[in-house]
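Trainee: Required output: the full structure, derived from the provided sequences and hints.
Here the protein sequences come in this chain order: D, R, A and B. First residue of the first sequence? That's 135 in the working numbering, and the numbers climb one at a time after it. First residue of the second sequence? That's 135 in the working numbering, and the numbers climb one at a time after it. First residue of the third sequence? That's 28 in the working numbering, and the numbers climb one at a time after it. First residue of the fourth sequence? That's 28 in the working numbering, and the numbers climb one at a time after it.
Quick caveat, the hints were computed from the structure, so don't treat them as lab data. A couple of the hints might just be wrong.
Claimed, not checked - Here are the simulated SDA-like cross-link-like pairs (lysine to any residue), alpha carbons at most 20 Å apart as the crow flies: (1) K336(A) <-> T283(D); (2) K336(B) <-> V332(R); (3) K130(B) <-> A324(B); (4) K137(A) <-> Q167(A); (5) K336(B) <-> Y285(R); (6) K137(B) <-> P344(D); (7) K137(B) <-> V343(D); (8) K130(A) <-> G323(A); (9) K336(A) <-> Y285(D).
Stated by the list, open to error - Only some residues are given here: those of chain D computed to face chain R with a beta carbon under 10 Å: (10) E208; (11) G364; (12) P365; (13) A368; (14) E369; (15) Q371; (16) L373; (17) R375; (18) A376.
Idealized CB from N, CA, C, for every residue including glycine.
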Amino acid sequence: GADLAAYCQMLGDDALVLAQRLIEWCTRAPELEEEVALANLGLDLLGQARLLLTRAGQADGTGRTEDDLAYWREEHEFRNVRLVEAPNGDFAYSIARLLLFATARGALYEALSAHPDPVLAAVAARGVKELAYHREYATAWTLRLGDGTPYSSGRMQAGVDAVWPLLEELFTAHPVELRAGVDPAALREPVLRSLGAVLAEAGLTVPDVPPLATVLGLAGRDGVHTEALGPLLAEFQVLARAHPGATW
Amino acid sequence: GADLAAYCQMLGDDALVLAQRLIEWCTRAPELEEEVALANLGLDLLGQARLLLTRAGQADGTGRTEDDLAYWREEHEFRNVRLVEAPNGDFAYSIARLLLFATARGALYEALSAHPDPVLAAVAARGVKELAYHREYATAWTLRLGDGTPYSSGRMQAGVDAVWPLLEELFTAHPVELRAGVDPAALREPVLRSLGAVLAEAGLTVPDVPPLATVLGLAGRDGVHTEALGPLLAEFQVLARAHPGATW
Amino acid sequence: MAETVPAQTLEDRFEAVVAAEQRIEPRDWMPDAYRATLIRQIAQHAHSEIIGMQPEGNWLTRAPSLRRKAILLAKAQDEAGHGLYLYAAAETLGVDRAELTEKLISGRQKYSSIFNYPTLTFADVGVIGWLVDGAAICNQVPLCRCSYGPYARAMVRICKEESFHQRQGYELLMTLMRGTEAQRRMVQDAVDRWWWPSLMMFGPSDADSPNTARSMAWRIKRHSNDELRRRFVDMTVPQAEHLGVTLPDPELRWNEERGGWDFGEPDWSELTRVIHGQGPCNAQRVERRRTAHEDGAWVREAAVAYAAKRAAEAAG
Amino acid sequence: MAETVPAQTLEDRFEAVVAAEQRIEPRDWMPDAYRATLIRQIAQHAHSEIIGMQPEGNWLTRAPSLRRKAILLAKAQDEAGHGLYLYAAAETLGVDRAELTEKLISGRQKYSSIFNYPTLTFADVGVIGWLVDGAAICNQVPLCRCSYGPYARAMVRICKEESFHQRQGYELLMTLMRGTEAQRRMVQDAVDRWWWPSLMMFGPSDADSPNTARSMAWRIKRHSNDELRRRFVDMTVPQAEHLGVTLPDPELRWNEERGGWDFGEPDWSELTRVIHGQGPCNAQRVERRRTAHEDGAWVREAAVAYAAKRAAEAAG
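Mentor: Below, the structure is given as structure tokens:
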């Protein structure tokens with residue numbers, strides 16, 4: 135019950151917050167095709183978030199809806215990894231983040247599609263396909279930028295370097311995850327191998343940087359975030375909170 | 135009572151919203167001296183806003199405090215001109231906006247220091263000195279940028295051009311203003327003359343552009359704003375609203 | 028390739044195809060003025076889809092429920108897609124998208140003036156769906172039979188999606204009208220602000236629309252501006268009643284004789300101001316599009332360079 | 028100018044001034060190592076003031092009352108001012124501010140590691156005032172008697188303002204502790220996060236601080252790291268009790284014999300990580316400063332060009 139709920143909330147928050155970041159690209163993308171594609175990825179993640187948060191509200195017995203969870207929790211109650219809340223940066227940074235997230239989350243969903251909870255398993259099974267497309271999209275752009283112009287290659291490398299310290303949190307097991315029957319540490323090797331292959335093909339270097347430090351051992355999964363999440367949520371939640379109890 | 139309150143709210147909202155925009159420069163200014171100066175201007179405006187909103191809450195008989203008015207009104211209840219809510223743009227845009235606002239508001243405060251309401255008159259009298267400094271600061275930078283490098287001159291002219299359509303709203307009499315005994319239209323000529331002199335000295339051209347259109351005749355003073363105010367208020371109000379009734 | 032057909036014959040053939048309600052296709056001969064008119068119209072239409080993402084996009088990050096956020100995001104995505112079809116249709120006439128984008132961001136080509144008004148509340152999202160998409164559909168349905176094939180085919184697909192958007196907008200408004208007092212006020216306020224601009228979407232009255240006749244002869248246009256405007260009003264008034272909102276026109280009344288609604292005259296001077304770039308959001312809309320385009324230049328260049336390398340490899 | 032004094036005499040004179048608790052002034056002779064140590068220390072101190080604007084600045088736009096907003100803005104302004112005094116003090120040693128800024132934004136010079144932690148709630152603003160400014164004051168008060176005159180004089184002014192900030196921070200926390208349950212929780216949570224990083228502000232324990240002795244001999248430093256840390260803990264524990272918060276150290280207990288508080292060992296490995304750039308906010312802090320500096324380049328260039336023109340006019 136509680137562990138499943140907490141776990142669904144973690145995954146749901148990851149999807150929700152990254153969807154919000156993708157949405158911020160809307161009307162700002164470098165090309166119309168990218169407007170379409172980024173909105174598409176955002177829609178996939180939003181869909182996953184809705185199912186996962188709904189499941190969380192059922193499983194913890196509170197009966198909270200997806201909107202209760204999305205709009206009425208405080209910042210420290212969000213359980214997403216810090217990777218997804220970082221500001222978009224330039225297109226290269228956003229692509230690098232997407233590559234890391236999609237590769238890791240795809241691998242996780244693969245594992246979760248055999249999870250004992252049928253709802254989580256079903257979300258994961260559908261998510262595997264969606265994340266495969268996200269990964270393909272991010273890979274294609276990593277190659278184009280990494281092996282495009284010297285300038286784009288520099289920016290792509292800078293994006294990869296900047297986002298890399300946030301990767302480790304995806305592999306760091308939180309007790310809730312272990313109790314929910316998933317050890318994300320098992321993903322580290324295959325994910326790193328896959329990322330390494332993409333970067334190599336793009337002519338980019340795998341950064342040799344340590345993970346972003348925690349705050350006294352606490353990070354996103356514990357509700358201890360970066361300074362980026364507060365302003366994101368302020369905007370995300372403002373209208374819903376201005377009308378408590380209203381239906382939209 | 136009601137007219138005085140509404141008028142104080144208009145002037146208070148102008149000061150409050152522009153203070154918030156100046157605050158956004160903090161840690162982003164082109165030079166440390168500018169960090170100090172912009173914070174200083176922000177503090178002056180914030181001080182004026184606090185006095186004016188307090189007066190508004192007294193005069194309308196509701197007993198609302200400065201914080202009630204600043205944090206708990208909705209966007210359409212804000213009565214500031216659209217000039218002050220426009221996003222900061224680059225340093226040139228911010229300076230151009232400041233030049234226009236300080237020149238016009240200084241002239242208005244001059245007139246208001248003889249207003250029958252002693253509180254409003256006192257705020258205006260103090261404000262005259264503050265705004266004179268703001269105007270001096272904005273003038274100095276207009277000259278430096280306008281008559282600095284060719285590049286800075288281009289940006290300064292672009293800033294002036296972009297902000298100019300928002301000037302007219304400061305001279306457009308709202309019925310509340312007229313009933314409060316002030317016709318801002320009387321400021322148009324002296325203000326334009328003063329601005330013209332500064333731009334001429336800076337080697338810049340007075341833009342020949344019409345005022346920004348209203349929405350069916352309504353603008354900031356009627357609570358009909360631009361798309362910039364909503365996000366500004368979302369951030370401004372988020373914390374206070376998350377803790378209704380709390381004291382800080 | 029050295030085939031030469033007398034211009035008169037070509038023109039006759041063109042006229043015959045048009046008169047027979049058949050389609051002119053890209054490789055067919057067409058009068059220069061027909062081509063120019065179509066390019067301008069399709070480009071403006073494409074620009075409108077792209078700029079039209081902004082007013083509603085303003086609420087994407089703040090949508091008050093996840094369901095509404097998904098609906099709004101899907102709509103923005105559709106609009107980007109419509110822009111793509113339309114630019115592709117324009118390209119069949121021998122212009123390219125980059126050139127049209129340049130014209131948009133330098134202010135040399137227009138887009139629908141309605142998008143130069145701000146979206147001030149979430150009810151605006153619903154009203155845009157209902158009124159603005161509604162007016163667009165009135166304008167666009169006849170274009171599905173436009174004499175130029177690629178444009179007509181693009182419009183078929185677009186109209187289908189637009190009417191879906193319109194229903195979603197109306198459904199949002201119905202929900203709000205069943206909601207709190209504040210929500211209902213929000214809807215009425217949005218209707219007050221968007222009604223007249225929506226009427227102006229049909230363009231000036233026929234007396235001031237000199238090109239209408241030619242466009243109608245070419246079967247690009249099928250109905251006059253005033254005719255479409257009347258059709259829109261007749262369609263919309265009962266929807267407003269059902270919704271429970273008041274349309275802000277004191278002259279609105281049923282004309283028994285005509286079997287339609289009479290209505291007041293929009294403030295054309297305002298439309299003129301907005302068209303000439305002084306609308307509340309003109310500068311902001313074009314600036315956003317320009318910034319996106321300029322910020323993305325290095326990305327597009329990288330894609331071109333990458334494609335060239337791959338092509339060279341494949342060739343070599 | 029051609030005056031040559033034997034180095035030994037100069038050094039004796041320097042030592043005598045320092046030993047007599049008098050001040051070395053910019054034009055006085057000083058050992059190269061003394062100069063280098065001071066430049067590094069003053070620059071880091073200046074950088075800390077400037078970077079230190081960011082964690083609290085994070086709440087400027089969201090401050091929950093206008094009074095708190097004004098207080099916070101005034102504090103940020105003071106910090107920029109402190110940065111200015113300190114860079115000016117460093118410049119008296121023959122470096123220039125632009126050069127020091129370059130070193131900051133390229134990561135070659137450090138600033139206080141405490142600012143690499145995020146401010147997650149508004150209570151953090153209060154706790155930074157209370158603990159971080161409190162620790163800074165412990166470090167800085169002795170610097171008011173530093174042997175280098177310009178630095179000592181800058182510190183006098185800075186310490187006065189810092190202790191004002193500290194009192195304001197403590198007052199904010201008192202207000203929150205008298206407030207709602209949520210506000211009290213916020214304070215305890217902030218104390219839990221900032222306590223250990225505050226203790227680490229005094230630097231490594233004396234055994235690992237090889238330069239302390241020399242700095243003390245030069246009367247730059249007056250007390251060892253551990254001594255200052257103990258002083259800070261002794262000062263702070265009763266304040267925490269008065270506030271009603273728990274300091275997150277199970278080893279904290281009164282040592283009757285010593286007449287002071289014993290406390291646990293900070294996690295030095297974490298400090299090392301943060302110093303080496305892996306702290307939660309290192310990249311973000313430097314990036315913000317770099318962006319401001321780079322975005323402002325054209326403005327500074329314009330000011331220089333303008334001044335040159337005016338100077339040329341005055342000369343011509």
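Trainee: Taking the hints in turn, state whether each one holds.
Mentor: Each hint, compared with the structure:
A distance of roughly 10 Å separates the Cα atoms of K336(A) and T283(D); the hinted pair therefore holds under the 20 Å criterion. Taken as a hint, the K336(B) and V332(R) pair is honoured in the structure, with Cα atoms around 17 Å apart against an allowance of 20 Å. For the hint pairing K130(B) with A324(B), the CA-to-CA distance comes to about 16 Å; that is within 20 Å, so the pair holds. Distance hint between K137(A) and Q167(A) is fulfilled; the C-alpha atoms sit about 17 Å from each other, no more than 20 Å.
With a CA separation close to 15 Å, the supplied pair K336(B) and Y285(R) stays within the 20 Å bound. Taking the CA atoms of K137(B) and P344(D), the gap is near 19 Å; set against the 20 Å cutoff, the hint holds. Taking the CA atoms of K137(B) and V343(D), the gap is near 19 Å; set against the 20 Å cutoff, the hint holds. Restraint check: the Cα-Cα separation between K130(A) and G323(A) comes to about 17 Å, which is no more than 20 Å; the hinted pair holds.
Taking the CA atoms of K336(A) and Y285(D), the gap is near 15 Å; set against the 20 Å cutoff, the hint holds. At about 7 Å, the closest approach between the beta carbon of E208(D) and any beta carbon in chain R falls short of 10 Å, and the interface hint on this residue holds. At about 8 Å, the closest approach between the beta carbon of G364(D) and any beta carbon in chain R falls short of 10 Å, and the interface hint on this residue holds. Interface hint status for P365(D): upheld, as the beta-carbon distance to the closest one in chain R is roughly 7 Å, under 10 Å.
A least Cβ separation of about 4 Å between A368(D) and chain R falls short of the 10 Å threshold, and the interface hint therefore holds. Residue-level restraint check for E369(D) holds (minimum Cβ-Cβ distance to chain R is 6 Å; threshold 10 Å). A cut of 10 Å between beta carbons decides the hint on Q371(D): the least distance to chain R is about 8 Å, and the hint holds. Below 10 Å, beta-carbon pairs count as interface contacts, and L373(D) has one with chain R at about 8 Å; its hint therefore holds.
A distance limit of 10 Å between C-beta atoms decides the matter here; for R375(D) the minimum to chain R is near 7 Å, and the interface restraint holds. With a least beta-carbon distance of about 7 Å to chain R, the hint placing A376(D) at the interface is held under the 10 Å criterion.
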